[in-house]
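2 protein chains.
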Amino acid sequence: MAEKITSREENYSQWYIDIVLQAKLADYSPVKGCMVIRPRGYALWEKIQQNIDVMFKDTGHTNAYFPLLIPESFIHKEAEHVEGFSPELAIVTHAGGEKLEEPLVIRPTSETIIWSMYKKWIQSYRDLPILINQWANVLRWEKRTRLFLRTTEFLWQEGHTAHESREEAEEETLTMLNVYKKFAEEFMAIPVLTGVKSESEKFAGAVDTYAIEAMMQDRKAIQAGTSHFLGQNFARAFDVTFQTKEGSLDYVWATSWGVSTRLIGALIMVHSDDKGLVVPPKLAPTEVVIIPIFKNRNKGEVLEYAHKVHADLSAGFSVVIDDDDQNSPGWKFSEWEMLGVPVRVEIGPRDMESGQVMLVRRDTGEKREVKAEGASEAVKELLVDIQLNLFRNALTFRKEHTRNIHDYPAFKEFFEKDGGFADTLWCGSAECEIKAKDDTKATIRVLPFDQDHHEGTCTICGGKSAHRAIFGKAY
Amino acid sequence: MAEKITSREENYSQWYIDIVLQAKLADYSPVKGCMVIRPRGYALWEKIQQNIDVMFKDTGHTNAYFPLLIPESFIHKEAEHVEGFSPELAIVTHAGGEKLEEPLVIRPTSETIIWSMYKKWIQSYRDLPILINQWANVLRWEKRTRLFLRTTEFLWQEGHTAHESREEAEEETLTMLNVYKKFAEEFMAIPVLTGVKSESEKFAGAVDTYAIEAMMQDRKAIQAGTSHFLGQNFARAFDVTFQTKEGSLDYVWATSWGVSTRLIGALIMVHSDDKGLVVPPKLAPTEVVIIPIFKNRNKGEVLEYAHKVHADLSAGFSVVIDDDDQNSPGWKFSEWEMLGVPVRVEIGPRDMESGQVMLVRRDTGEKREVKAEGASEAVKELLVDIQLNLFRNALTFRKEHTRNIHDYPAFKEFFEKDGGFADTLWCGSAECEIKAKDDTKATIRVLPFDQDHHEGTCTICGGKSAHRAIFGKAY
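Protein sequence lines correspond, in order, to chains A and B. Per the numbering used here: the first sequence = residues 35 to 509. Per the numbering used here: the second sequence = residues 35 to 509.
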């Protein structure tokens, strides 16, 4: 390693940036707030895309592509939408050497351009549902940015669906929320809370916004994905009606839902440690690194043996072999730990003689000697175990830092000290949300689906409670 | 089919647009010159991406992502580059509610932003080569657009590589040209000519531009992909030097190469017919459509049998079954022919009784009855045969419309009548290129690699020839 990674304890923010830069996941670009996603970071995005895209297709969706540029007037057609997004827009005023008659905005999200097309495509219930997803770049002019977590331009997917009934659209909204939850937990090994957002935190133009929320190692929250029930808001704004089965005319019901390259930030922040990046095996572009350990006198033999093991393992896994002879094995161990490869295979002269290899897992550092011919099976088990262990650790951490809090002094003390998720009761007023935010920086992450015990007194004002609410400080 | 497709003979341009719109591959958008790629069109792009991306990775490349926006001053750093791209730029002047200090342009191509990053990443020969590809959208403000073939925004991949020697960069340029040729011929079933471009047709900023050129059914040419040897032009513009193995300092050598959604336009124009789209099996999102033929009295049995065949074939192919009972079998045959599915399986009551199915190939319309249990094997063979047949037909067509022409009256007559590829000798002067273009609209598509017989007289001016040159009218 060229440089040392700052420890989490010393400076959590710097630790995060050190990992992103030193593992070459991303870099700052000459354009303020825009990042470059380097090959190691983009490989993570490709794994995310491949796996979640299968889940989209399994739930009946197809991909399409809509224009980057949107006539400025479209953004103004939905009242809340324009209010939410206007401050963040980048505007094209000139093109082809001329001033444009109407300025174009770079999409901050695509509801408006997509619903202008849905107007063309939808006449009757026979044209419904439309279940389209788009993989694209979007742009929101942010004042404060942080690599992956908040950047002016980011990559994402945005689903936009059109339905003939409220019920069907609401069901779609929750189906996609569950796809996100499943993906976060099973692939990213990140446990997430789900629920609905309060009025102040919902998407500009939505009736209801649902989210998956994850806890980072600094106990702050990340909104890792959102699924919006849009009601008939965009259908009204773009006058998209359809002939119902009964022959009447009605506005179309809508949803939209998205996850972005922010997921990579969450992945880093949940699993990594002071040695560097830790990647859950199911999303690891490289699952195994083989490091042969040799001296000049036995180099040939050891390398031959190591390459044989490499060939065997490559049949089932994504494997690299680091047989460079400039760097010491110790240097290589640190380097590949920093890069987050889940399993290291060490092969020295003694392993060769005994027909063995040494497996070292990235998450715990635990070592295990296995017969070379059984290595594939052992690696397979190890990858499954690492995946589960990362999820278990993250879940334990979240549980340890989630507290039932029902009085305001305790609430303030919680967020002054360690913080985490405060499981509270809330009266439903925006005033209490503002007060909590002003006093502690904590906001409502979700109103969880489980509202069985929402009766009592508001943790903030002491009035009658209306909801169970999870508060946390958010990225 | 709702509407009839215009025949090629009647109006070739309208035939093309009819197919794009009626097969729902793309649609016009509210933003001038920008298209919407609909799910059926995007599915083709996904197949193209998946297959060519494997070839990029097999040749050592990795994917990354660079910002959409480029500081305007960057475009000005390379003299030819700015001259070529300035007229086509879309410019962001305002963002986040404020006027920007420096305008930003939406990338028309990414050499400049990428080389500004390579300057950060390259110090020594140890940092080379860099072999990066990007899948992205780009924008060029075009005056005249046509769905897929020329649109203001389009999707593409752009490879950008950095090397320590001229030889290595030149080799990379040709490696990628050959990847494109192989992809075009083996996957798209489109035979292509390869060679170098003349000075007037090369990329703005390149030393040499190589291209693959295909002939459409109207005998016009499409430049389907380009690979550029950039020399040290961008390294000089962005001051990217490296320490050589010998310890001296040198500018880095570069290449760039790209193919775009234009490939979909070429695919349509080469293979389709008056019935609609024809897709080569290797790129067909749906390979097989099953159409059960039933009356009310035998509907249940026939559908059961058809669904069994569907289940069997789905193990090996991408199959849909059209068991809707609103439309007649004849209507469905036309509809699925229009959509370009390579193999149709017809299953009626008699087929059921005899344990057979009828296979119909999209390219020739030929029918063949096979035993249901051997259907998978037969479909497999048929798909291979269709793929080869499409390539053979396209190659035959190109040969029939390629002519050796060595005098100017014949040249002019050729392009006045049917046209095609004129295999000529050329003196190398821009004047002759301009004269030919003014008189016939034909331009040099490539100077082919085979220059064995380039000695003689220029087809245009009669002077001493310097090159063998292929002329054609281009899209």
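Worth flagging that the hints you see were computed from the coordinates, not collected in a lab. Hints are not guaranteed to be accurate.
The list treats identical chains as one, so a pair stands whether inside a single copy or across any two.
[As the list claims (entries may be wrong)] Computed cross-link-like contacts, BS3-like style, restricted to lysine-lysine with a CA-CA straight-line distance of at most 27 Å:
1. Lys-66 x Lys-111
2. Lys-498 x Lys-475
3. Lys-316 x Lys-91
4. Lys-81 x Lys-91
Cross-check of the supplied hints:
no.: 1; hint: Lys-66 x Lys-111; result: between (30 Å within a copy, 20 Å between copies)
no.: 2; hint: Lys-498 x Lys-475; result: within (23 Å within a copy, 80 Å between copies)
no.: 3; hint: Lys-316 x Lys-91; result: both (19 Å within a copy, 20 Å between copies)
no.: 4; hint: Lys-81 x Lys-91; result: both (16 Å within a copy, 15 Å between copies)
In terms of the numbered hints stated before, the structure departs from none.
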